[in-house]
Amino acid sequence: MHLTLEFGGGLDLLCQSVKIHQVDVAPKDENAKLTMRDLLAWVRSSLIKERPEMFMKGDTVRPGVLVLVNDCDWELCGGIDMELEEKDVVVFISTLHGG
Amino acid sequence: MEEGTASKRAAGRFCSICTQRKPALRRPKTLEQICRECFYAVFEEEIHNVIIKNHLFKAGERIAVGASGGKDSTVLAYVLSELNRRHGYGLDLFLLSVDEGITGYRDDSLETVKRNEIQYGLPLKIVSYMDLYGWTMDEIVKVIGLKNNCTFCGVFRRQALDRGAAFLKADKLVTGHNADDIAETVLLNILRGDIARLSRCAYIMTGEDGPIPRCKPFKYTYEKEIDKYAYFKKLDYFSTECIYSPNAYRGFAREFIKDLERIRPQAILDIIRSGENFRISTTTRMPEQGICERCGYISSQKLCKACVLLEGLNRGLPKLGISRIKAGNDGSGRPDEEPTRRGREVERPILESKPCGTLDF
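First to last, the protein sequences are chains A and B.
According to UniProt numbering, the first sequence is numbered sequentially starting from 1.
According to UniProt numbering, the second sequence is numbered sequentially starting from 1.
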């Protein structure tokens with residue numbers, strides 16, 4: 001499944017300072033849908049190169065990290081159980097830095 | 001197909017304000033689901049209402065916006081200039097930045113502020129630690145290490161902002177402190193047992209009796225919303241953590257607040273309210289406000305904190321003012337063998353003319 005991932009608010013520093021990643025992520029098995037839970041696990045193991053604790057806490061994002069899917073807050077679309085679809089744009093923004 | 005997926009996800013719901021567009025976010029304060037356009041409107045109106053209700057500004061005032069290039073101050077500068085136009089506040093707005101001299105952090109963020117100057121058409125003034133104190137934070141960290149660096153930086157920044165605001169002949173200084181920041185500070189002051197600052201840190205305006213009052217128009221604004229506003233509006237801001245701050249104590253309180261918010265967003269406003277309503281018993285002795293003997297600014301001690309810290313740096317005793325050693329008040333000269341001076345000469349008058357501020361938040 002092709003997705004666009006964007007990291008902002010300093011999270012880009014955790015993945016080699018690249019803000020926008022075009023990625024292909026396969027669901028766990030062919031019939032299953034890809035959920036945000038699966039995507040987060042994939043991001044953690046495949047994209048994040050350092051300090052994963054800045055991004056995740058437990059199996060979800062760290063409090064203070066905003067998640068937008070197609071410019072809509074993931075809280076409105078089911079959060080961690082939300083099913084992703086082809087060409088979705090997922091944005092992660094950390095608020096845990098000075099302003 | 002994309003349109004189909006969008007509507008499927010939002011489950012046929014509409015913005016609870018305009019009832020026409022798809023919602024993009026849920027407001028932490030009200031849990032309403034609203035669309036982007038309505039979000040801009042309520043976000044800006046709420047800040048306008050805070051400004052009016054608390055009489056933050058008077059027509060004709062010169063207002064310095066403390067601008068770090070980060071999201072809070074960038075959104076503040078943007079929203080204030082927008083509201084100033086829309087509601088005819090009649091304010092002269094300026095951007096005021098402090099250059100602490102932190103390579104790879106502040107130099108980059110100042111580039112952002114310089115772009116903001118052009119984007120929003122607001123004149124910019126930059127004051128630097130090097131000019132004011134004869135030291136950059138890079139040099140200070142080399143001497144004192146990563147333990148108390150934030151103390152130096154905080155004390156110096158406070159005064160630097162006062163001096164910059166005085167230079168701009170500003171009537172007030174506004175800062176981008178948001179609701180999360182204030183709740184965090186209330187907690188920190190409780191943990192430190194700092195009664196003097198506890199109620200003061202929750203005030204929307206401080207220093208009204210001093211030369212330059214400070215106010216926080218984002219006192220009730222959630223960080224989460226500021227971030228979304230900056231993102232949706234594609235505002236140009238800088239977001240990298242200070243390279244010297246990972247050791248900061250504040251980080252723990254910050255994470256705790258975010259954990260609370262996830263469980264119950266209202267908790268942030270409740271903590272601010274607790275801070276506001278904190279009453280000090282009349283028998284508690286509060287530190288008396290006096291004047292720094294050396295530089296003439298507000299201080300509860302003989303010398304203000306910045307003068308003590310600076311004297312320690314200049315005499316090669318950087319622990320002065322950090323640990324509980326009594327500070328010598330003679331202000332004698334600095335040793336030339338100081339390792340980080342790199343032979344640069346700093347003139348004495350910097351010390352004498354440096355104004356100090358109070359040390360609150």
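Calculated directly from the structure, the hints in this document are not laboratory data.
Keep in mind the model is a prediction, meaning the values are calculated, not measured.
Glycine residues also receive a C-beta, built at the ideal position from the N, C-alpha and C atoms.
Hints are not guaranteed to be accurate.
As the list claims (entries may be wrong) - Chain A regions said to be covered by chain B (calculated; three or more residues, Cβ under 8 Å):
1) 9-17
2) 22-33
3) 37-45
4) 53-67
Verification of the supplied hints:
no., hint, verdict
1, 9-17, "holds (count 3)"
2, 22-33, "violated (count 0)"
3, 37-45, "violated (count 0)"
4, 53-67, "holds (count 4)"
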